[in-house]
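In case you want the letters, here they are:
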Amino acid sequence: MWACSRPWRVGRMRGIQMITRRPIDPAVVLASVSDDSAGGTVMFLGTVRNRSHGKAVAGLEYDVYREMAEKSMQAIEQSVRKRWRVKKVAMVHRYGALKVGEVSVAVAVSSEHRADAFRACRYAIDTIKGSLPLWKRERLEGGVESWVKGTRIRR
Amino acid sequence: MWACSRPWRVGRMRGIQMITRRPIDPAVVLASVSDDSAGGTVMFLGTVRNRSHGKAVAGLEYDVYREMAEKSMQAIEQSVRKRWRVKKVAMVHRYGALKVGEVSVAVAVSSEHRADAFRACRYAIDTIKGSLPLWKRERLEGGVESWVKGTRIRR
Amino acid sequence: MRVKVLYFAAARDAADSRGETFVLPDRSSVGDLSAEICRAHPAMKAMSRSVRFSVNLELVETARALRESDVVGVLPPVAGG
Amino acid sequence: MRVKVLYFAAARDAADSRGETFVLPDRSSVGDLSAEICRAHPAMKAMSRSVRFSVNLELVETARALRESDVVGVLPPVAGG
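Protein chains in written order, with my numbering: chain A, 4 to 158; chain B, 4 to 158; chain C, 205 to 285; chain D, 205 to 285.
Don't read these hints as lab results, they were simulated from the structure.
Glycine included, C-beta positions come from ideal geometry on N, C-alpha and C.
Some clues are possibly wrong.
Computed cross-link-like contacts, DSSO-like style, restricted to lysine-lysine with a CA-CA straight-line distance of at most 30 Å [unchecked claim]:
#	chain 1	residue 1	chain 2	residue 2
1	B	Lys152	A	Lys91
2	C	Lys208	C	Lys249
3	B	Lys58	A	Lys85
4	A	Lys132	A	Lys58
5	D	Lys249	B	Lys132
Negatives, chain B to chain A, calculated, CB over 12 Å [stated by the list, open to error]:
#	residue
6	Gln77
7	Ser82
8	Arg158
Coverage of chain A stretches by chain B, computed from C-beta distances (three or more under 8 Å per stretch; other residues unrestricted) [as the list claims (entries may be wrong)]:
#	region
9	29 to 42
10	52 to 60
11	115 to 121
Using the sequences and the accompanying hints, generate a full structural model.
If you want it as structure tokens, here you go:
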């Protein structure tokens, strides 16, 4: 079962931060926050659910203001570093068409002690959800499509 | 960068729970908690730090009461399910000799909404640290070895 | 002055466009531009209170003064993640 | 009765053994066994207050009565993760 193990530590200077149309590989996100001085790493993955408000979902389509979203990610990292002692922070958000089960967003944080990694990761994903210029269009089974109602974008 | 993506959803009925001597592959742990009805997954990885109380660490050796530790993991899952709405829970702890940077423990929780996954994952790793019959022997650079001082084991 | 306007998500549907250029009097604000956008695309009125604006990748308030060549994003409520 | 005792980590070092069998009077408790262990391995005395015991994979208190063939784990303070 562990035979497919591969090196997931690659020694980058900082975590990946990007908006991408390609599938997100959680192993690559994790690798980007590995750090020999870190004792704990927390990763959050958001995936496309098969139901939304009781209706069967076929897939999602994300629209994004890419340059602004990448800039927002950098601001979130700065804000994380002001609040907690963390080693590396990675944030990747996908856009375009996604199927059920696919990863739409990944956040990973490494830190010396786990409390910081948990708090920073939670803060980062909460902030991403409210402040990134990213919009979700839901495609239900049967073909109905609509933009998911969200909250007014905040800094 | 994403080219090495591989299917990480394998549709197991429940998350992996095991004590193992072999290296932990985070991708396999994640795969075991994937669930089409989950919108969020949180994973914690504990890794061997290169320093401990200011001293350079060469590696760790874990001793474990394996059968009891696997039973404790099942109790932790039950306890998690009583407290939060989660889909799948995975816990893997390694034993034997580990080098700096290697993963000693992995916990992953999937749930419909992310708040449950964060709380359940944090609770599971905190409980693992205090209640699993697992002991850590530190090997410092220079050769000094000693059992890491811990807390009285609790249920 | 000329500013470039980019529409996203529901705003893109309402404007039926990815983006366009507006020519405005000097010292126009983002609020002035918003009124012009609603005039050009009546479908945008319904969402005008929930929309926010960016200028050159910065989130701004409607009082913000515009300058020549500014790039303005029209950002409906977000539901990322 | 006979019970099997397993030593872990620092307890293994103190007993210089992975495990051994103790023969005890009927109705002995875990606390009685603990006293026997300290008699057999004086190095164990120093840690006897911080150690906990399992019987057949269950964490137990020292008042717990032992039965024939029980498997007892001697568990020093833990620092997993």
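Results of checking the hints against the structure:
1. Proposed proximity of Lys152(B) and Lys91(A) is supported: the alpha carbons are some 28 Å apart, at most 30 Å.
2. For the hint pairing Lys208(C) with Lys249(C), the CA-to-CA distance comes to about 19 Å; that is within 30 Å, so the pair holds.
3. Only pairs whose Cα atoms come within 30 Å are accepted, and Lys58(B) paired with Lys85(A) is accepted, the gap being roughly 27 Å.
4. Straight-line distance between C-alpha atoms of Lys132(A) and Lys58(A) comes to about 22 Å, which keeps the hinted pair within the 30 Å bound.
5. For the hint pairing Lys249(D) with Lys132(B), the CA-to-CA distance comes to about 25 Å; that is within 30 Å, so the pair holds.
6. Distance to chain A confirms Gln77(B) as a non-interface residue, since its nearest Cβ pair spans about 18 Å, more than 12 Å.
7. Against chain A, the non-interface label of Ser82(B) holds: every CB pair exceeds 12 Å, the least being about 18 Å.
8. With a cut of 12 Å on Cβ distances, Arg158(B) stays outside the contact zone with chain A, its closest approach being about 21 Å.
9. Coverage of a stretch by a chain is defined here by at least three residues with a beta carbon nearer than 8 Å to that chain's beta carbons; for the region 29 to 42 of chain A and chain B the count is 9, and the condition holds.
10. Under a criterion of three residues with beta carbons nearer than 8 Å to beta carbons of chain B, the stated coverage of the region 52 to 60 of chain A is upheld, 3 such residues being counted.
11. Counting residues of the region 115 to 121 of chain A whose beta carbon lies closer than 8 Å to any beta carbon of chain B gives 4, which meets the minimum of three for the stated coverage.
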